[in-house]
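Each chain is listed here by its residues.
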Amino acid sequence: MTPPGPFRPTFWRSPLRGPWLTALLGSVLLVLVAVVAATGFVSHAAYQPDLPGNAIVDPARDLPLNFVWPTGFTYLYAVTQGLHVNVGLVAIPFLLAKLWSVIPRLFVWPPAASPAQALERLSIGLLVGSSVFEFVTGVMNVQYWYGFRFNFVVAHYYGAIVFVASLLLHIALKMPVIVRAYRERDAARTDLVPVAPAAPTISRRGLFAVVGAGSAALLLANVGETVGGPLRRLSLLAPRRQVIGPGPNDFQVNRTAGGAGVTAAMTGPDYRLALRFEGREVTLTRDELLAMDQQTATLPIACVEGWTTTQKWTGVRLSELARIAGAEGAGTALVRSLQPRGALRLASLRAGQLRDPDALLALKVNGADLSPDHGYPARIIVPALPGVHNTKWVGGIEFS
Amino acid sequence: MRARYGASPLHLLAHLAVLPLVAWALLQVVDRPDAMRILLWLAVSAVVHDFVLLPFYSVLDRAGQLAAPRPAVNYVRVPALLSGLLLLVFLPAISGKGEPSFQRTSGLTYEGYLGRWLLITAVLFAISGAVYLVRGTK
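Sequence lines, in order, name chains L and S. The numbering of the first sequence is this note's numbering, which starts it at 1 and goes up by one. The numbering of the second sequence is this note's numbering, which starts it at 1 and goes up by one.
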């Protein structure tokens, strides 16, 4: 006998539910999620985890999906992560609406009439669990709430694999249902159509408008931190909406010198940059670096969290430093920060990134010396590089 | 096959192609020191929407329908939904839960986020009220 309450088909009364609504919501969600997943995996590759010091996910346990990250389009990483975070936000109302549209399915009775249904319900459980997990952890991470107390990058990465795998399975299994829903609308009578519908309080068109308005609200509340300019202040809830001031160093800081444990003693007159190649070492003072040929480039810092800030950087070309170290043909460079502890104090660059004429060891920004929080005495800035790989407080570069 | 299994062989093959990949992904985290928390959050994620969030907003919606019968209900529903969505997504900033780490790393605070969310909420309901007034008096 069917248990009472939500297990009875008469319990679900919204006249809006039906295969056509679910198919439509699912189709929009699919497009959005495809963008979010693709940019997520592209970002993973942009960190170039095959190079020393770069991997956060153990390379021995990673999928072989890496490729050489280019420098050609300066805003490549800004666009990648801007899409990942903002389209992710846009997807949330559609995910919630999609889950609402299929909630009666959770309470079908009997819970599994066949092995096939039991298996499919397991995969749906994985899909719902991993999708909610990905959105919740992503949203928490961009706002620095680490209440989950696990490694975000590792969990978000493997969670994404579970999500994408179970989503592909779901689409494959539901394709005939989707096609039928589009062809026949609700003439395709399924258990999603209520048997005892209540009087409507809103039309389906109205529902879509509300869901779309929800997406627009989330987008407007955040997108300013990605686009920058006057829009930054208008995004009233964006974590990185602060406009710090008019000075040359008044722009977004990911990690402060204090937060990284970098002290004035480390960056004072005793500061030396060490260039190493094949056992030989060349050391340079900041004044010696300033006396070298200076290059200026306008480049963005684009954070994995989706915010971007574009500034005018001046410093020595990385290719020039490679030449001084006698490492003109270097394949990679391992950049070491003075930062005494914490993740991301080591980051490797590829040959293409070293050779780009705009790839700099920046000493100045907007005409002024870098501030301590922006990496004084010297920081890396490379076109299209993920933000945190633009190492600050550079103490050494090891070419190989 | 169809009679015993309940679907076509393709249904089974699709599962057998995908579930091992899922198992592989989960295996990559099970021996980590933080594995229990990752798996717990994954499990909670599978039920929190269906058994907490959806019942919660359904009850609120029912209460709204009793308080403001249709067609007026949507003038309450829409701003409430937008405000609730903003609260849900920006909760770490609005509640200040993310502030300690935010301040430690970047030196910034989440001052003013709660206030701005309240103001957004007020404006949303005010707009909805104005629209109701205009449409209602026509």
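Since the hints were made in silico from the structure, they are not lab data. It should be emphasised that the depicted structure is a prediction, and the values quoted were computed from it without experimental measurement. Errors might be hidden in some of the hints.
Residues from chain L shown here face chain S by an in silico Cβ test under 7 Å; the list is partial [as the list claims (entries may be wrong)]:
(1) F41
(2) R61
(3) Y158
Yeah, the Cβ is synthetic: ideal placement off N, Cα and C, and Gly gets one too.
Each hint, compared with the structure:
no.: 1; hint: F41; in the structure: violated (13 Å)
no.: 2; hint: R61; in the structure: holds (5 Å)
no.: 3; hint: Y158; in the structure: holds (5 Å)
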